Amino acid sequence: MKPAPFIRHVPKTLDEAVKILAQVAPQDGRVLAGGQSLVPIMAFRLAKPAHLVDINEIDGLDRIASDGTTLSIGACVRHGAFHKSVVGNPLGALLTFVARHIAHYPIRMRGTFCGSLAHADPSSEWCLTAATLDATIVARSTRGERPIPAREFFAGIMSTALAEDELLAEVRLPLLSPDTKFGFNEFSRRAGDFAMSAALVTYRLQGGKIAEARVGVGGAEPFPRRIAQAEAALNGQPPGDKAFRAAAEAAANAVEAMEDHQTSAEYRRDLVRAVVRRALEHSNR
Amino acid sequence: MSAREQHTKGSGLKWVGRAIRRLEDPALVTGQGRFTADLPAAHWVRFLRSPSAAGKIESVKAPQGATMITATDLKGVKPILPMLHKFSYRPVPQQILADGEVRFVGEAVAAVVAASEEEAEDIADAVELVIGDATPVVDARAAVASGAPQIHAEAPGNVILEGRIKTDGFDGVWAGAHKIVKVDARSRRQNATPMEARAAHAAYDAATGRVTLTCTTQMPHLMRTAIADVLGMPESDLRVIAPDVGGGFGQKMSLCAEYVVLVWLARKLKSSVAWTEDRRENLIASFHSRDQTIALEGAFDKDARLLALKADVLSNIGAYSCFPTTSGVEPLMAMAEMPGPYDFRQYECRARGAITNTCTMAAYRGVSRPVITFALERLMDKAARAFGLEPVDIRRKNLIGTFPYVSAAGLKFDEASYKQTLEMAVEHAALPAFRKRQAEARKQGRYLGIGFATFSERTGYGSPAFTARGMAITPGWETVHVSVDPSGFIEARIGSSPHGQGLRTTLAQIIADELGVEPHKIKVIHGDTDTAPYGWGTFASRSLVISGGATLIAARKVRAKLIKIASTMLEAAADDIVLEDGQAKVAGTDRTVSIAKMAREAYTQTHRFKGEIEPGLSESGTYDPPGTFSNACHVAIVEVDVETGRTRIEKFLVAEDAGRIINPMIADGQVHGGIAQGIGNALLEEIVYDDSGNPLTATLAEYMPPTAREVPEIELHHIETPSTESITKAKGLGEGGCIGAPAAIVNAINDALSPFDIVIDEMPATPQRVRAALRKAGAA
Numbered sequence: 072m073k074p075a076p077f078i079r080h081v082p083k084t085l086d087e088a089v090k091i092l093a094q095v096a097p098q099d100g101r102v103l104a105g106g107q108s109l110v111p112i113m114a115f116r117l118a119k120p121a122h123l124v125d126i127n128e129i130d131g132l133d134r135i136a137s138d139g140t141t142l143s144i145g146a147c148v149r150h151g152a153f154h155k156s157v158v159g160n161p162l163g164a165l166l167t168f169v170a171r172h173i174a175h176y177p178i179r180m181r182g183t184f185c186g187s188l189a190h191a192d193p194s195s196e197w198c199l200t201a202a203t204l205d206a207t208i209v210a211r212s213t214r215g216e217r218p219i220p221a222r223e224f225f226a227g228i229m230s231t232a233l234a235e236d237e238l239l240a241e242v243r244l245p246l247l248s249p250d251t252k253f254g255f256n257e258f259s260r261r262a263g264d265f266a267m268s269a270a271l272v273t274y275r276l277q278g279g280k281i282a283e284a285r286v287g288v289g290g291a292e293p294f295p296r297r298i299a300q301a302e303a304a305l306n307g308q309p310p311g312d313k314a315f316r317a318a319a320e321a322a323a324n325a326v327e328a329m330e331d332h333q334t335s336a337e338y339r340r341d342l343v344r345a346v347v348r349r350a351l352e353h354s355n356r
Numbered sequence: 206m207s208a209r210e211q212h213t214k215g216s217g218l219k220w221v222g223r224a225i226r227r228l229e230d231p232a233l234v235t236g237q238g239r240f241t242a243d244l245p246a247a248h249w250v251r252f253l254r255s256p257s258a259a260g261k262i263e264s265v266k267a268p269q270g271a272t273m274i275t276a277t278d279l280k281g282v283k284p285i286l287p288m289l290h291k292f293s294y295r296p297v298p299q300q301i302l303a304d305g306e307v308r309f310v311g312e313a314v315a316a317v318v319a320a321s322e323e324e325a326e327d328i329a330d331a332v333e334l335v336i337g338d339a340t341p342v343v344d345a346r347a348a349v350a351s352g353a354p355q356i357h358a359e360a361p362g363n364v365i366l367e368g369r370i371k372t373d374g375f376d377g378v379w380a381g382a383h384k385i386v387k388v389d390a391r392s393r394r395q396n397a398t399p400m401e402a403r404a405a406h407a408a409y410d411a412a413t414g415r416v417t418l419t420c421t422t423q424m425p426h427l428m429r430t431a432i433a434d435v436l437g438m439p440e441s442d443l444r445v446i447a448p449d450v451g452g453g454f455g456q457k458m459s460l461c462a463e464y465v466v467l468v469w470l471a472r473k474l475k476s477s478v479a480w481t482e483d484r485r486e487n488l489i490a491s492f493h494s495r496d497q498t499i500a501l502e503g504a505f506d507k508d509a510r511l512l513a514l515k516a517d518v519l520s521n522i523g524a525y526s527c528f529p530t531t532s533g534v535e536p537l538m539a540m541a542e543m544p545g546p547y548d549f550r551q552y553e554c555r556a557r558g559a560i561t562n563t564c565t566m567a568a569y570r571g572v573s574r575p576v577i578t579f580a581l582e583r584l585m586d587k588a589a590r591a592f593g594l595e596p597v598d599i600r601r602k603n604l605i606g607t608f609p610y611v612s613a614a615g616l617k618f619d620e621a622s623y624k625q626t627l628e629m630a631v632e633h634a635a636l637p638a639f640r641k642r643q644a645e646a647r648k649q650g651r652y653l654g655i656g657f658a659t660f661s662e663r664t665g666y667g668s669p670a671f672t673a674r675g676m677a678i679t680p681g682w683e684t685v686h687v688s689v690d691p692s693g694f695i696e697a698r699i700g701s702s703p704h705g706q707g708l709r710t711t712l713a714q715i716i717a718d719e720l721g722v723e724p725h726k727i728k729v730i731h732g733d734t735d736t737a738p739y740g741w742g743t744f745a746s747r748s749l750v751i752s753g754g755a756t757l758i759a760a761r762k763v764r765a766k767l768i769k770i771a772s773t774m775l776e777a778a779a780d781d782i783v784l785e786d787g788q789a790k791v792a793g794t795d796r797t798v799s800i801a802k803m804a805r806e807a808y809t810q811t812h813r814f815k816g817e818i819e820p821g822l823s824e825s826g827t828y829d830p831p832g833t834f835s836n837a838c839h840v841a842i843v844e845v846d847v848e849t850g851r852t853r854i855e856k857f858l859v860a861e862d863a864g865r866i867i868n869p870m871i872a873d874g875q876v877h878g879g880i881a882q883g884i885g886n887a888l889l890e891e892i893v894y895d896d897s898g899n900p901l902t903a904t905l906a907e908y909m910p911p912t913a914r915e916v917p918e919i920e921l922h923h924i925e926t927p928s929t930e931s932i933t934k935a936k937g938l939g940e941g942g943c944i945g946a947p948a949a950i951v952n953a954i955n956d957a958l959s960p961f962d963i964v965i966d967e968m969p970a971t972p973q974r975v976r977a978a979l980r981k982a983g984a985a
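The listed protein sequences derive, respectively, from chains G and W.
Every position in the first sequence, counted from 1, becomes a number in this note's numbering once 71 is added.
Every position in the second sequence, counted from 1, becomes a number in this note's numbering once 205 is added.
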C-alpha cells in the first residue's frame, strides 16, 4: 500500500501552480490540497499520478471572504474552518452544521472544501451543499479564470467539468437571505462514514407558506443535485408533516438510485425518503 | 463493597482480585512498544497475489533484473498439510506459493524482493501474471451441491470433513414432542481485523547459520515447529520471536505461508528480509471466519421444556485448511458445544466443512460459538413466542442448575451460575419497566426491543479436548519456570504468548501472593523460543487458566524452597515461617530475612543446605487441565429505525461469572473488547464476495468494524463461582463478550420488530436486511 513513484512540485504562487499544472497535466499531473481522498487512492494505486502540484504553500488560499452577497472559499480552506460560523448569515450556521458530518476530526483538520468538490465523491457533503445552493466554482489555468455553475460542474461519479490543466481555485456560495431556514440529514452505516444518502434543504416562509424551496439530495445518484419535484411539493405549502412527507415521497420517486452488491436501488430510495423528510423536520425546529 | 471484593478478602489473598494497573501499559502508551515492523531490514518482500478466484497459472513474468520467487523455486519445500484423524477429514495440501493453480483471490503466487517496500510494490505491479479461466465456487451450499467444480482432488464433493452425533433414543423423544421450533441461522463472513496486520522479519546469522524470525504471532513455539517441518530444517536453526503484538483474536494462531517464504528467503539470501502486510491484503488474504449456516430445530414438551435438539451445520472453510487447528475448528466446535447452557438429553447434529474459492477460514475469537449461540438463542426466543412466554421465562425453565453436569454432547460442565446470572441481568435491566416503556414508544411509532443471550463459554481446556477432536497436533498444557536470581529478582518464563491479555500483570499477581512480594517487582518473560519454555501460546481463553495454573504450581515450589531456606537461616520451624513484604518472617517474632539474602545464599552458600536443598532458586510447573465453563447473560436494549432499518444500541448489560477474578479491570476490559467485536458481528462487519469470487470489502471503508461511536456504555455485573477444575479457581473469559453480544442484539431487534411479525435470523442485521424484511412483510 505504497504509492507509485511521483514528483512533487511545491509552487509558491497560484500563477506558478497553474503553469506547472499546464506542463504536467498531460503526464497525469494532479493537484494536491488536503490529500484526504487523493493520497489513499494513490496508496491503493488506483491513481498513479506522475506529478503532484502541492498547493499548500501558496499564500492566501486559506482565505474565506464575504462581500455582502457571496462567500468566497479558497482552495486550501480546511473543513475544520467551518467548525465555527465563518459569516454572520444563515449560511454560516448551515456550513457549521454540515461540516460536523464530514468524516472524522483529523480528516476535517486536513481535507479541504474545494478539494472535496474537485474529487466529486457522490457522497460528499460539500458537493451536496454546492449543488443545493447553486455555488459557482472558479477554475484557474494559464488560460485564465473560468467560473462554472454547480449544475454544470458535476459530471458523474468523481467526474467534473474541470479540464486537466485547471485548478479549482475558489468556490463562491451565495449568502442566504436572513430569514432562510435550513435543514440537513444524512444516513451512513457508522459515524463518519460516507453518506449512503444525504439531503440539504433551504426555504423561506412567506405568509406562513414555504417559498424558494431548495431540496438537494446527495449520495443516491452519481452526483448531488436539486430535486425539482420535491421543491414543487413544498412551495406554497405550510411547513409541516404533510408537506414534508409529500416532498420526501417526490424526491424518492425522482432519484435514479445507484445500486451495488449490498444496497438495492429500492433501499436507497427508502433512504432518500427518510433523509429528505428528516432534513425538512430539522429545518422546522 | 461489591461481592467480588468480599470474596477476594475472604480468600486471604493480597494481590489476586485487585484491579492493579497493567504492568505492560507504560511502555505501550508512551510509544516504547516494539513491533515487528519496527525492525530494519536489508530486503523487503511484496507478495504478488492472485486476482482470480480459480484457474491455472499460465505464466508469471517478472520485469528484467527483478528478484522474484515462485513455486518453482520452492521445490523441496513441503506443503502446509493440517491433519485430523477423525470425522472423514480429507487432508488438502497448501503449497507455500500457488503451484500451477490458484484457489482464491489474494492467494500468494510469487514473492518479489527489493531494497524497500515501495520498490518491491513497484516491481510487483509490473509483473505479468496470466491465469486461465475457470469457474469458481463461492457459496458453501453451491460447493457441496452435486456437479460443483472440484477445488481439491483430495476432497470429493468439496467436503473437507463431516462430523455426526446422535444420542440413543433421539428418534423416540423427537416423535413424541409437543412442539418443534425451527431456526435457519446464518452468519456472514468476518475478518478479525487486528489493529496490527500480519508482519514478519527473518534475519540470517552467518556465525551460527541460524535464522531469527520475528513475527506477529500468538504461538511462537508452534510457528518454529511448523516452519522447520515445512522447510525440512532443524528446529534448533530457527528462533521465533513474538515481540509486542497488536492484537491477534485467533487470526495469528495459524501458520501463514508468507512467514515460511520469509525464512526460506533469509536462508537463501543469507541476509535480513521483511514483510509488512497492508490492510487490503489482511482483509482478502489473511484468514476469515464465521461464514456458517445452521439449520436448528428444537423439540419441546407442553411445558416449554426443551427435550431434543437437531442441528445441521455448514461451515464455509475457504480454499485451504488452517494449521494447527484444521478447518474443523468451526464445524467441530459447533457440534460439540451447540447444546449450550440448556438441560436436555437428546441431540443430533451433522457438521460439515465446505471448501470454496474464498480466503481460508481460521479461528476468530469465540470460534463458532457466536454463531451457535446466535442460532440457539434465536431458537429459544422463537419458542418463547410460540408458547406465549417472556424470553426470560423459557430460559428459566431450561437452564442447567445442578453440577457437575454432562451435556447431551458429552461435555462435562463444572459449577457455574446460569440461572443466577440470568436473574441478575433481568433485575438490572428492569424488565417490567422496559416493557411499559416499549409499549409507550410503539404508540409513537418508535420500536424498542430487548434481547437476552445466556451462554456457556468453555475455557482453559488442555490436551484432552484437542485429542477428542482427533487433531494430529494436540495443544493444551503449559509450562512456566519461576526463578529468583541471586539478587532476589523474580522472573517467570512462560510458554503462553500474551498480546493484549495483560498476562504480565495477572501472572505477577499470582506469584506475588505466593512469594509475599509486590507484583511490579516480578518480570514475566514470553514470546521468544530461545528464552521461554515450549508452550502453545495464547488463544482459546486459555492462558490465565493454564499458564496461570502452571505459574501457581511453580511459584508454590519456589515458596516451599524459600521456606526451607528461611527455616535454616532463621533456625525456626518451617510451619512458623511466613513470606510477606519481600521477607521471610518467623511468626510472632521480629526475626526476618529478605528474599534477596535468601536467594544469594541459595546460589552462593549452597554448602549451608547440603543434602537438604538443591542449589539455585528456580522451579518449573506444568499444568494440563480438563477445561472449565464460564457463563454469562447478555442483555441488549435497542431501538430500530424502521424507515432506514438502522439499529441503535441504547444499553448493553452483562452479568458474568468467570470464577475467581485475578484482576477485575483486565477482566472487564476483555468483556468490553469482546462485546465491541460482537456488535460488529451483529450489525456491521461482513466480508462480501461477488459471484466470481472477487472480494468487495477490501478496505476499512467497506468492511466496517464498530468505532467508539457504535459501542455504547457497557454495564457489567459479576458473580464469582470458584472453579473446581482450575487450581487458581479462575475461569477464562477472553471470548464471552463476542459470544453473547450478537445473539442479544439480534434478539432485541426481533423483539423490537415483533409488531410487524417479521424474523431476522441472519447477521449482520444490516439496515438493508432489516428494511428488506420489513418491506417483504408489507410493514413499511
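No lab work stands behind these hints, which were simulated from the structure alone.
Predicted model only: the values in this text are computed from it and were never measured.
One thing to keep in mind: the hints can contain errors.
Looking from chain G toward chain W, a few residues come up when the C-beta cut is under 8 Å (computed) [said to hold, decoys possible]:
1. 72
2. 139
3. 262
4. 316
5. 336
6. 338
7. 341
8. 345
Away from chain G, derived, C-beta distances all over 12 Å, residues of chain W [to be verified]:
9. 270
10. 548
11. 615
12. 640
13. 806
14. 829
15. 847
16. 874
17. 894
18. 901
19. 904
20. 973
Glycine residues also receive a C-beta, built at the ideal position from the N, C-alpha and C atoms.
Evaluation of the provided hints:
1. 72: holds (4 Å)
2. 139: violated (39 Å)
3. 262: Check passed: Cβ of residue 262(G) comes within 4 Å of chain W, closer than 8 Å.
4. 316: violated (11 Å)
5. 336: violated (12 Å)
6. 338: holds (5 Å)
7. 341: Hint on residue 341(G): holds, closest Cβ of chain W at ~6 Å, below 8 Å.
8. 345: Holds, about 4 Å.
9. 270: Correct as stated: the minimum Cβ-Cβ distance to chain G is 17 Å, above 12 Å.
10. 548: holds (40 Å)
11. 615: holds (41 Å)
12. 640: The claim holds: residue 640(W) sits with its nearest Cβ about 28 Å from chain G, beyond 12 Å.
13. 806: holds (58 Å)
14. 829: holds (43 Å)
15. 847: About 10 Å separates residue 847(W) from the closest Cβ of chain G, which leaves it inside 12 Å; violated.
16. 874: Check passes; 22 Å lies beyond 12 Å.
17. 894: violated (9 Å)
18. 901: violated (5 Å)
19. 904: violated (7 Å)
20. 973: violated (5 Å)
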